[in-house]
Amino acid sequence: MPPIISVRHLHKRFKILQRRPGLGGALVNLMAPRYSEVSAVEDVSFELDEGEVVGYLGPNGAGKSTTIKVLTGLLVPTSGEVRINGKVPWLERERYVREIGAIFGYRSTLWWDLPVIDSLELLQPMYGIPAERFRSNLREFSHLLDLDAFLNTPVRSLSLGQRMRADLCAALLHEPHLLFLDEPTIGLDVVAKEHIRQFILHINRQRGVTVLLTTHDLADVERLCERVMILDRGRLLFDGSLTTLNHRFESTWTLHVDFDAEYDDVSLPGLDPPFRQGLHAEYHFDHRQVTSAELITRLLERFRIRDLEVRRPPLEETIRRIYREKLLIN
Amino acid sequence: MRRQFSLYLRLISIQLRSQMQFRASFWTDVMTTGLLNFSYFFSTYLVLQRFGSIAGWTIAEMAFLYGMIEISFGAMDMIFSGFDPDSFSRFIRQGLLDQVLLRPVSVAVQVFGSAFVLRRLGRITQGALVLAFALINLPVHWTPLKLGLLPVMWVSQIMAMGALFMVGSTLTFWTVQRVEAINILTYGGVEVMSYPMTIYPRWMRGFFTYLIPFIFLNYYPALFILGKPDPLGLPAFTPFLAPLVGGAMLFLASRFWRLGLSHYQSTGT
Amino acid sequence: MRLFLHLVKLSILEQATYRTALVAGLATNFFWGLFRAAVIVALYNGRSEVNGLTLEGAITYIAVGQAMIAFLSLFGTFELMATVYSGSIASDLIRPTPLFFLWMARDLGHSLVNLVIRGVLLLGVFALFYPIALPETPLGWGWTALSLIIGWLVSYAWRFLVNLAAFWTPDARGIGRGAFALSQLASGFIIPLRLYPEWFSHLCYLTPFPAMFNTGMEVFLGALSGGQLVRALGVQLIWFLGLVLLSQWILRAGIRRLVIQGG
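Residue numbers (my numbering), protein chains in the order written: chain A, 1 to 330; chain B, 331 to 599; chain C, 600 to 862.
The reader is advised that the hints may include incorrect statements.
Stretches of chain B that chain A covers, calculated by requiring three or more beta carbons in the stretch to come under 8 Å of a beta carbon on chain A [claimed, not checked]:
1. 332–346
2. 434–443
3. 588–597
Taking CB as the label site, the calculated pair distances span [as the list claims (entries may be wrong)]:
4. B/V470 to C/W848: 53 to 59 Å
5. A/T78 to B/L346: 40 to 46 Å
6. C/W798 to B/L346: 41 to 47 Å
7. B/R332 to C/W798: 56 to 62 Å
8. A/P33 to C/W798: 54 to 60 Å
9. C/F603 to B/L465: 55 to 61 Å
10. C/F603 to A/R107: 42 to 48 Å
11. A/R320 to C/F699: 54 to 60 Å
12. C/G645 to B/M534: 17 to 23 Å
Derived by calculation from the structure, the hints in this document are not laboratory data.
Please read all numbers here as calculations on a predicted model, not as lab measurements.
In this text, a Cβ means the ideal position worked out from N, Cα and C, and glycines have one as well.
Go ahead and model the full structure; you've got the sequences and the hints to work with.
This is the structure we're talking about:
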């Protein structure tokens with residue numbers, strides 16, 4: 001089966017006008033403008049198969065939103081090939097857009113002044129959704145997303161969480177096979193985020209919708225994505241499974257130990273001295289060099305232990321390290 | 331094509347519904363708009379009491395010019411509300427065009443459907459009343475041709491001024507801020523066309539003949555309908571050029587619009 | 600007083616940054632000036648004088664009108680009512696300076712910038728196309744300046760008053776539009792009042808509006824002299840004071856209403 005998304009050597013460069021200060025500068029600008037070039041996306045290639053849920057990560061300004069805009073047909077790239085559902089997004093905009101759903105976290109896709117239900121009903125003739133399919137989808141999504149409470153409220157009066165749920169419903173009513181989510185959980189509280197994630201999982205599993213999502217919340221990634229792509233300064237630095245990512249970079253684990261008796265020295269050879277507080281100690285170790293099982297065995301040989309726990313660093317921290325230490329630039 | 335049109339109607343009906351909600355203030359708005367616009371004609375009317383005529387045009391003939399263009403402009407302002415450069419530039423600045431691009435409908439249809447300011451009915455009504463005054467007081471020898479020319483004039487004028495609106499909006503794809511200068515052609519244009527073209531200095535008249543061909547939209551057809559001689563000696567078919575001029579302007583404007591849209595998609599403000 | 604001047608200065612600086620708007624405004628005014636001048640010439644149709652107004656005087660009137668429109672804010676201002684609607688008027692009301700003067704300072708700053716850029720500049724460019732009649736004596740200039748200043752005050756007081764409608768209705772914008780259309784017409788901005796039929800100009804003189812512009816122009820063109828001149832200026836002043844008193848009274852009522860509503 002051919003991949004549903006195919007991106008090859010995508011480049012997007014922007015020309016930024018250099019502003020010269022002062023009135024004289026403004027005049028000169030009008031006659032002889034000077035531009036500097038900024039590369040937002042640099043030689044990005046990837047493929048997505050149907051049914052995948054992929055996270056697209058990167059620090060701010062990495063080019064994530066630019067990529068999504070190209071993939072949704074909003075932006076024309078400087079060069080490169082993009083084929084989605086067999087179409088080139090920006091060339092066949094109207095036909096292409098009918099087959100995808102898109103949500104931008106910071107802006108609603110619904111009509112601001114209308115009640116939610118009016119907005120949703122407008123989508124039926126727009127996308128040409130057959131009446132009964134529309135009704136049944138609407139019923140299902142309203143139920144899953146708990147929209148009934150505010151179906152008659154104008155979109156501008158909704159809370160962020162409500163708006164996001166309404167947007168999700170709107171994006172899926174026409175049963176697209178592909179869903180683009182740009183920061184879908186931004187600004188939401190923990191409970192709301194969980195609801196959104198569950199919904200995304202549901203439509204992926206029940207309806208086989210392929211999902212590409214950009215997010216800053218790594219809990220989203222952990223919950224939803226088996227595969228992640230990491231972008232930094234326009235370049236794709238990593239494209240693989242979450243486990244690979246964890247394995248490759250998340251090296252320092254922590255072993256938390258509660259001792260049964262007071263010991264003077266609980267350090268282990270070959271390891272950094274542990275952090276101690278009363279009967280509690282924390283050992284940091286590189287799990288690629290020594291497994292937690294080994295470590296536990298060694299500890300049990302020497303000390304009487306009441307309780308232990310192995311903690312892996314959160315994805316958050318790993319990713320932060322990757323950005324900070326530029327671990328992927330090789 | 332038909333689907334796009336029926337979608338347009340749906341979008342418009344939503345606009346209409348929300349505007350009609352606040353009944354009382356809506357009607358006062360319509361009235362105020364009407365009175366406001368009428369005050370300009372009223373001042374002309376008063377002045378002509380003292381002067382009798384301007385460039386050989388009596389008050390009733392002036393009223394004809396004024397009434398015709400006011401009806402058209404009011405209608406254009408209503409239909410092309412979405413393309414009003416002031417509101418469109420705000421639209422672009424707020425990044426609302428992206429959500430339009432995500433829908434499987436042509437952008438132009440969505441922009442047309444995004445606004446329909448009913449308040450402009452005030453302008454249309456006062457124009458119609460002034461026109462009625464003109465027709466009552468004018469000794470026009472009506473023929474089917476002349477009668478047919480009236481709606482043709484309106485449509486041509488709507489197309490031409492709508493084209494200017496569209497151009498003004500398209501410019502914001504590049505400038506982001508609204509281009510105030512376009513108001514000279516739109517709001518200024520209405521006033522220019524409500525007077526006989528012969529009062530303007532040659533260079534100005536030339537501008538309105540060769541650059542922005544206003545002269546063919548109201549003045550020349552009016553000459554024909556009112557049976558007035560042509561002081562500029564142009565060919566006899568000139569009064570009938572209006573639809574061609576209006577159509578050509580709208581066509582060029584739509585091309586420019588497409589250019590602007592593709593520019594927006596390359597630079598993605 | 601010092602606060603007043605300071606606010607004026609701030610307002611000047613703010614307005615001066617709107618460069619593109621000023622240029623666009625200049626272009627617009629220039630066009631309208633040419634257009635209206637053409638209408639006047641056509642109206643006169645060879646007559647050298649109508650009702651005491653010469654052709655040159657009428658054209659000057661139009662040109663100065665366009666030059667002054669921004670200075671006098673003849674199309675109206677809606678900022679004060681916006682602060683009532685947004686609630687930010689509360690912070691202004693707390694200040695020791697009366698609201699009337701606060702806004703006057705802001706308005707004056709904007710007006711001064713417009714006077715220089717859109718006013719003087721426009722007149723200069725216009726003079727290249729049409730003959731402009733300027734006051735002939737320094738005294739003439741003096742009286743003109745005085746009359747225009749009082750005219751500005753009258754215009755300001757009227758705009759302040761109109762904006763106060765916001766205390767009573769959410770539709771103050773619509774009311775404002777209507778009110779400003781009326782003042783535009785009756786101030787002689789569209790057509791010099793002398794060119795209207797007598798009954799209409801007499802009607803206008805019952806309102807404060809001619810004091811905003813028409814009177815100033817008559818002084819400018821030297822159409823008034825001696826006792827007439829002084830009387831005209833006096834009338835302007837009286838209108839100004841009347842409007843001030845009225846606006847203060849209405850403002851107090853408006854504030855009371857605001858407080859009761861708990862806006």
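For each hint, the structure was consulted:
no.: 1; hint: 332–346; in the structure: holds (count 6)
no.: 2; hint: 434–443; in the structure: holds (count 3)
no.: 3; hint: 588–597; in the structure: holds (count 4)
no.: 4; hint: B/V470 to C/W848: 53 to 59 Å; in the structure: 54 Å, holds
no.: 5; hint: A/T78 to B/L346: 40 to 46 Å; in the structure: 43 Å, holds
no.: 6; hint: C/W798 to B/L346: 41 to 47 Å; in the structure: 42 Å, holds
no.: 7; hint: B/R332 to C/W798: 56 to 62 Å; in the structure: 58 Å, holds
no.: 8; hint: A/P33 to C/W798: 54 to 60 Å; in the structure: 58 Å, holds
no.: 9; hint: C/F603 to B/L465: 55 to 61 Å; in the structure: 57 Å, holds
no.: 10; hint: C/F603 to A/R107: 42 to 48 Å; in the structure: 44 Å, holds
no.: 11; hint: A/R320 to C/F699: 54 to 60 Å; in the structure: 57 Å, holds
no.: 12; hint: C/G645 to B/M534: 17 to 23 Å; in the structure: 20 Å, holds
Taken one by one, the earlier hints all hold for this structure without exception.
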